[in-house]
Amino acid sequence: MHVRPQFSPPAVLMPILVGIAVALASALSSGCGASALQTHARIAVMLHGANDAAVRAIETGCEHRAVAAARDPDVSYDEASANAQRVLARCQRVVDAQHAFSAAYEVYVAQLLAVVDDDNHQPSAFTRLRALLAGLAPLYADLARVAADLGIHLPTVPFAPVGAP
Amino acid sequence: MSRDAVKNLLAGVATSLDQLALVDAGGPNVARVFPVVAELFRAIATVVGTHGVEAVQKAIRDLAKTPAKRANLENAEAAVASALADREDALPELVLK
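Going down the list, the sequences are from chains A and B. Each residue of the first sequence is one higher than the one before, starting from 19 at the first, in the numbering used here. Each residue of the second sequence is one higher than the one before, starting from 7 at the first, in the numbering used here.
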């Protein structure tokens, strides 16, 4: 059974993702204080939006593919049912990866909130903030990879600058 | 990110929204993407609109109160069950129900 990929938001999201790239690069060079806090706030909001977009793409894409498998008129009922269940099983792996990313993102936001609540803005807090941000990159990459395996193309979030020295 | 860069970013998003509006009749996928972009646009605009430290802190506090969305397959599973039940070769016992 071949299911044609139909949900590909990256093109329309590109202007936003360019903004994320700029923001991430800015975060690397940022030190501490209000300016760095503002940069991280922007990144957090943008990642929040990217996560929302990913959730919609995953749920919509999975439903479309699973239903297409269930409706496939070229196979028997049993075969269609089995195919649909296979699609859902693959979708579950994507969902698990998305949950891992969103959980890590919430830790990042919690640390951001901790910085806000600390009037002294300790440098170590910003170091931890940058480390948490860098840790989001492989999780999103894993999410995007397993989603792409299913034909669901998530917005590209260019985390590369985070890993730069 | 400078204010000019932010303005350019927002202009790019606005252009995308305009283009989407023009082709919105093209199919359901475009219609699904549109609110996603619009939502992101509003989110960015919210933060871009904040300037003072207190405003940034408020934005962060608001963000922390909003749990990140988790995908789930409940709708997909229900849709599959419905699609299978609607098949002409659906099992008789399912049809009788």
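Be a bit skeptical, because a hint or two may be false.
To be verified - Partial selection, computed: residues in chain A whose CB lies under 10 Å from chain B:
1. Glu81
2. Val85
3. His117
4. Gln140
These aren't lab readings, by the way, just hints derived from the structure by calculation. Every residue, glycine too, gets a C-beta built ideally from N, C-alpha and C.
Now the hints, each set against the structure:
1. Glu81: 4 Å, holds
2. Val85: 5 Å, holds
3. His117: 5 Å, holds
4. Gln140: Result: violated, 16 Å to nearest chain B Cβ.
Of the hints listed earlier, the one the structure fails to meet is number 4.
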